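Line order of the protein sequences matches chains A and B. Letter by letter, the first sequence follows residues 18 to 333 of my numbering. Letter by letter, the second sequence follows residues 10 to 232 of my numbering.
If you are wondering where the hints come from, they were derived from the structure by calculation, not from laboratory data. As the structure is a prediction and not an experimental result, all values here were calculated from the model. Any given hint could be a false lead.
Said to hold, decoys possible - One side of the interface only, derived from the structure: several residues of chain A facing chain B at Cβ under 10 Å:
id, residue
1, Arg37
2, Leu47
3, Glu236
4, Met241
The C-beta atom is built at its ideal place from N, Cα and C for all residues, glycine as well.
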Amino acid sequence: MSRTSHAKRPTLSGDRGQGRFAYFVRRALLNIRQNVLVNVLTIGTIALALLIVSLFLLVFVNLESTADEWSGKIQVTAYFDKEPDSTELSALMNRVKAIEGTDKVVFVGKLDAMKRFRARLKGQESLLEGVPADVLPSSLEISLKRKSREDGAIEAYVTRLKKVPGISEVQYGDEWVKRFNAFMNFLRFVGALLAAFLLLAVLFIVSNTIKLTIYARKEELELMELVGATRLFIKAPFLIEGVIQGAAGALLALLVLVGAYFGFLHSATNFVNLSVSVAGLSFLPPVYVAGIIAGGIMLGFLGSITSLRKFINSQS
Amino acid sequence: MIEFHNVSMSYQRDMAALNDVTLKVPKGDFVFVTGPSGAGKSTLLRLIYGALIPNKGQVVVDGQNITRLTRSQIPYLRRSIGVVFQDFKLLPNRTVLENVAITLEVLGWGRRDIGKKVYHMLKQIGLEHKINATPLRLSGGEQQRVALARALVNEPKILLADEPTGNLDDENKEQILSIFREANIRGTTVVVATHDRRVIDGSHKRVIRLENGCIVEDSDVSN
Chain A
18 MSRTSHAKRP TLSGDRGQGR FAYFVRRALL NIRQNVLVNV LTIGTIALAL
68 LIVSLFLLVF VNLESTADEW SGKIQVTAYF DKEPDSTELS ALMNRVKAIE
118 GTDKVVFVGK LDAMKRFRAR LKGQESLLEG VPADVLPSSL EISLKRKSRE
168 DGAIEAYVTR LKKVPGISEV QYGDEWVKRF NAFMNFLRFV GALLAAFLLL
218 AVLFIVSNTI KLTIYARKEE LELMELVGAT RLFIKAPFLI EGVIQGAAGA
268 LLALLVLVGA YFGFLHSATN FVNLSVSVAG LSFLPPVYVA GIIAGGIMLG
318 FLGSITSLRK FINSQS
Chain B
10 MIEFHNVSMS YQRDMAALND VTLKVPKGDF VFVTGPSGAG KSTLLRLIYG
60 ALIPNKGQVV VDGQNITRLT RSQIPYLRRS IGVVFQDFKL LPNRTVLENV
110 AITLEVLGWG RRDIGKKVYH MLKQIGLEHK INATPLRLSG GEQQRVALAR
160 ALVNEPKILL ADEPTGNLDD ENKEQILSIF REANIRGTTV VVATHDRRVI
210 DGSHKRVIRL ENGCIVEDSD VSN
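Extracted from the complex, chain A is given alone in its bound form:
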């Protein structure tokens, strides 16, 4: 045992460039390998928690898209007191288009209106015998932009529309719009409430599971403190381990979700039966997938940091 200077860090060629971070990552991977069971438990818990959240998101995203499609059907109809000629019509349509919130404007002439009415009375057209072809008023059918479909916004839009000269009456099914918007707001509120509870439960479960992994290595943490490890040195591998666990859990959850989606959800008939254009559920958009992975990583990191803080503060 030759005595050299204390605590001096030799730097042989093989060590250059390795860096502390590489050491921490290596340590974290080694820890995972040496504590397979506890890590499997943690990753499984994170995966299960995120799977529940993902399934909830999948249902919610599909409900939102159905509702969005539904709300696209909200239409405002403006009736004229007399049929405008082509110059008047063009000026009128431009004025309507200039109103904020207008998406599309379609002119329905008196004859077109009668054609549509006749089509709706299919099989009972005899009822219209003797009725003049120009009895129905001509109108503008206006689709609104998303923001103007809300309850208050649609009323404001209609008030502005009524001020356009030549328009005698405006209809938009206000009762139906109100009920629909109330339903959507209820849906969002319940969704947010459920998501908040779910998130709290997930945080609680994950942080407790990670605490288990840290308690399983209590001796190691204690020993590291005793041989002169700084707090950062002790914590870093655990935090990296938490991040790896979180990412692995998120990927596992997504894998199961993809399996379930392509297995049966994809081909299932629309579960709320509101949409006729969508067959089965659509998968989560990429931004949600990225969010789930980021959420997993955050869960692992936060779970580790809170558990470590509690543990290390209780030492010495």
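Put chain B on the given structure of chain A with help from the hints.
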């Protein structure tokens, strides 16, 4: 190297583990701290490596006053102190190499250097053939030697040992003590807490005897 100035330490009120202790251990000294169970031997060692802060008095180790160190400074003090714990504190799921290497990893040594240094250390204590074994496969004496290797591998200025020969047979005891002597010859200040009279007798080393937290005997005439 180690100075205690009127140090008192109690875990509970009216139960002093150390009571007004004053002592000096010069650099390169070899000291046995002895006394019955509960005399304060372990407390004295724990105060030296900063696991405890005294209720009263000052503890100065290697020129640093422990009572004035912040929590973030304690690790740096500990790096110059090797400790052999009574219960060894070996990590059961790590190999002998990994158990000894932990001291050097904390110092930021690179992998290659650690491998060389640990092998060299284990060879000196005759355990190089067990480098990849886990502690559970080792005998008590071997485990003690691994704990000693971990404490000595970074060539600390101070070596502390708490009942290092507790459950060992005579042959193993002598082996452990000879490693202590060797480290001391190379300049390490050694403090060994033991209640084993046979270890102390004939050692010709300084003996401090504690009883009820007080020094009742110190064989060092200069103190």
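Verification of the hints:
Of the supplied interface hints, the one on A/Arg37 holds, with its beta-carbon coming within about 7 Å of a beta-carbon of chain B, less than 10 Å. A cut of 10 Å between beta carbons decides the hint on A/Leu47: the least distance to chain B is about 8 Å, and the hint holds. The closest approach between the C-beta of A/Glu236 and any C-beta of chain B is roughly 6 Å, which is under the 10 Å cut-off, so the hint is satisfied. For A/Met241, the interface hint holds, the least distance from its beta-carbon to any beta-carbon of chain B being 7 Å, beneath 10 Å.
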